[in-house]
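Listed below are the residues making up each chain.
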Amino acid sequence: MTSTPTAPPVEAGRAADVPGRPARRRRRRIGRFSPRDIAVIGLLLGLPLLLDLALIWGPALASIGLSFTSWDGLGEIRPVGLDNYVNIVSNYPPFWPAVWHNLLWLAFLGLVATPFGLFLAVLLDREMRFTRFYQTAFYLPVVLSLAVVGFLAQLIFSRDYGAANALLGRADNPVDWLGDPSINLWSVLLLVGWRHVGYVMLLYLAGLKAVDPALKEAAAIDGANEPQTFFRVVFPTLRPVNVIVLVITVIEALRAFDIVYAINRGRNGLELLSVLVTDNIVGEASRIGYGSAIAVILLLISTGFIAVYLVQVFRREDEA
Amino acid sequence: MSVGVGERVAAGGRSTVGGSSRRKRPASPWRVVIRVFLWAMALGWLVPLLLPLYASLRPYAETAAEGYFSLPKTLNFDYYVQAWQGGNLPRHFLNTLLVAVPAVVLTLFFASFVAFLISRRRLPGGRLLLILFTAGNLLPQQVVLTPLYLMYTKLPLPWWMSWPSELVYDSYWGIIAIHVAFQTGFCVFVLSNYMDTIPRELIEAATVDGAGVWRQYWRVVLPLVRPALGALGTLEFAWIYNDFLWAVVLMSTGDKLPVTSALNNLRSVYFTDYNLLAAGSILVALPTLIVFFVLQRQFVAGLTLGANKG
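Residue numbers (this note's numbering), protein chains in the order written: chain A, 1 to 320; chain B, 1 to 310.
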């Protein structure tokens with residue numbers, strides 16, 4: 001306690017190495033680390049930092065480097081400049097569909113699923129009865145892995161015996177929900193949205209619970225109706241949650257992989273950038289340089305959003 | 001409408017406009033609409049889970065002939081037995097535990113220590129560390145996949161740590177390491193925010209009393225962040241349990257795969273039998289569902305822990 005700025009400098013009198021030193025010097029001394037401390041820190045900070053650098057940042061930088069080479073993982077590493085990028089953009093058939101699917105993914109999650117999650121949160125914030133049941137039902141899918149959801153999807157959407165066709169009375173004239181490349185993306189997005197809505201709802205619900213009720217009361221006294229109160233008073237206070245939801249939405253859209261991989265390995269209408277990366281390195285044709293270039297494109301897109309997020313988070317911290 | 005006393009108090013405490021809205025509530029047709037809507041939505045939300053559950057209890061021939069929405073003639077657990085044995089699930093569950101338990105424990109241990117240094121000991125360069133860890137966690141996994149895969153296939157491990165490959169590739173250690181690397185970022189971020197609420201004076205007092213960094217961390221900080229550790233542990237377990245990508249890419253021996261990734265096998269063996277696949281999926285989802293229902297409060301707290309600060 002003695003070293004807080006407001007506390008009187010009494011610690012000079014305490015038994016320690018050199019009595020009588022000015023209080024300020026001693027306070028700095030307390031902040032320092034002994035040799036044993038440094039050993040502990042070296043080990044327990046060093047290990048996770050090493051893992052982080054060796055398994056995440058190192059490989060991320062290596063991806064950038066490899067993207068300028070034509071390497072098959074075995075032979076020589078030959079630099080080819082921007083060839084991979086040019087090739088990907090100009091004559092790699094699945095690339096543009098994958099970009100388009102990622103964008104649709106982003107648009108669907110951002111413009112449909114996220115607002116719907118917010119809407120449910122607002123309703124649940126008012127509704128008192130059975131609220132636990134509703135909440136549990138909505139965020140239960142969040143617990144499931146997208147791979148499992150991918151398998152359940154086959155039961156629901158399979159062409160011949162799927163539940164969706166039975167439900168829509170199309171058993172005689174079945175729709176191939178997962179096989180038809182013009183439809184399957186939407187079937188998948190429906191399931192992805194199913195899971196995303198619950199997560200978003202939960203985050204907004206937590207945010208709404210933290211809103212000072214006095215704000216709403218003040219707005220009501222000023223004669224604001226409910227939509228006005230929400231959009232002008234409540235929603236702006238949810239800004240931190242909005243940023244987090246935005247980042248989760250973007251990251252989910254860019255990371256999307258499990259569900260399409262579980263359904264059909266991301267082919268035939270379900271191509272995604274993440275699948276193309278995986279295909280190029282683990283497939284039969286190991287095209288490391290090529291796969292890396294796609295990964296770098298993914299990296300560039302996500303870095304922008306990550307930077308926005310970090311700026312927001314740390315600015316908030318500085319204000320606090 | 002009978003609202004419990006506790007709920008009524010809670011409603012008065014935070015719901016909209018105190019008295020007037022409470023008086024309005026019972027008869028409002030608007031509320032009825034909302035309630036019907038919420039019920040419909042919540043039930044609709046459960047359908048994709050209840051339907052496989054129902055299907056998994058019936059023979060496939062029966063659902064194929066009568067459709068999924070028919071009354072059952074036979075209900076039994078045959079498919080569960082079949083999936084459990086045929087899919088070699090016990091083995092894969094064990095694999096998951098071998099990966100998830102050490103990964104969660106190590107992640108929480110490292111992350112809490114790093115967060116303590118950054119948040120309460122003002123380590124020089126702490127801000128940079130925090131950014132490094134947090135941003136690393138947000139990168140799409142595929143960005144690091146290629147070099148990681150190459151590195152794993154080149155780094156040797158002694159045979160008793162990785163058999164039969166004798167590489168980091170195809171070993172539990174490799175999977176644990178990448179989980180720890182990725183998840184530490186998220187946990188450092190959440191825990192350092194959480195620790196900001198611990199009075200710094202507490203640690204300074206411990207310093208004056210001669211406690212080293214380890215003691216301050218282990219004896220002072222760790223007991224205080226126990227609720228956050230519980231919440232994060234639940235969440236991290238679910239995430240690591242649900243992992244699909246790392247195991248699929250960084251392992252090759254089918255018998256060593258964690259259970260979520262092993263679901264793939266179940267499909268290739270029994271391609272057409274969707275009811276069996278449903279039973280398998282439910283078995284695989286069961287542990288996370290149990291954790292979720294038992295530790296619901298912690299799970300939800302974990303999900304919102306990083307979100308509602310500020």
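Since the hints were made in silico from the structure, they are not lab data. Where hints are given, some of them may not hold.
If you anchor each label on the Cβ, the simulated ranges turn out as follows [claimed, not checked]:
| # | chain 1 | residue 1 | chain 2 | residue 2 | range |
| --- | --- | --- | --- | --- | --- |
| 1 | A | L167 | B | G86 | 26 to 34 Å |
| 2 | A | A171 | B | M161 | 13 to 21 Å |
| 3 | B | E166 | A | A54 | 14 to 22 Å |
| 4 | B | R200 | A | R267 | 31 to 39 Å |
| 5 | B | L222 | A | N225 | 32 to 40 Å |
| 6 | A | D180 | B | L71 | 41 to 49 Å |
| 7 | A | P236 | B | W30 | 44 to 52 Å |
Just some of the chain A residues that point at chain B, by a computed CB distance under 10 Å [as the list claims (entries may be wrong)]:
| # | residue |
| --- | --- |
| 8 | S34 |
| 9 | V89 |
| 10 | V142 |
| 11 | A147 |
| 12 | V247 |
| 13 | V275 |
Keep in mind the model is a prediction, meaning the values are calculated, not measured. Note that the Cβ used here is the ideal one computed from N, Cα and C, for glycine as well.
Hint check results:
1. For the pair L167 of chain A and G86 of chain B, the supplied restraint of 26 to 34 Å holds, since their beta-carbon distance comes to about 30 Å.
2. Under the hint 13 to 21 Å, the C-beta atoms of A171 of chain A and M161 of chain B, about 54 Å apart, miss the expected range.
3. At about 20 Å, the beta-carbon gap between E166 of chain B and A54 of chain A stays in the expected band of 14 to 22 Å.
4. For the pair R200 of chain B and R267 of chain A, the beta carbons lie near 55 Å from each other, so the given range of 31 to 39 Å is not met.
5. Against the hinted window of 32 to 40 Å, the Cβ-Cβ separation of L222 of chain B and N225 of chain A comes to about 49 Å, which falls outside the hint.
6. Checked against the hint of 41 to 49 Å, the pair D180 of chain A and L71 of chain B fails, with Cβ atoms roughly 31 Å apart.
7. In this structure the hint that P236 of chain A and W30 of chain B lie 44 to 52 Å apart at CB is violated, the actual value being about 25 Å.
8. A least Cβ separation of about 6 Å between S34 of chain A and chain B falls short of the 10 Å threshold, and the interface hint therefore holds.
9. This hint is violated: V89 of chain A has a C-beta 18 Å from the nearest C-beta of chain B, more than the 10 Å allowed.
10. Because the beta carbon of V142 of chain A sits about 7 Å from the nearest beta carbon in chain B, less than 10 Å, this interface hint is met.
11. Evaluation of the A147 of chain A hint against chain B yields a held restraint, the C-beta minimum of about 4 Å falling below 10 Å.
12. Using the Cβ-Cβ criterion of 10 Å, the hint placing V247 of chain A at the interface with chain B is satisfied: the shortest such distance is roughly 7 Å.
13. For V275 of chain A, the suggested interface contact is upheld, since its CB lies about 9 Å from the closest CB of chain B, less than 10 Å.
Violated hints, in rising order: 2, 4, 5, 6, 7 and 9; the structure is consistent with all others.
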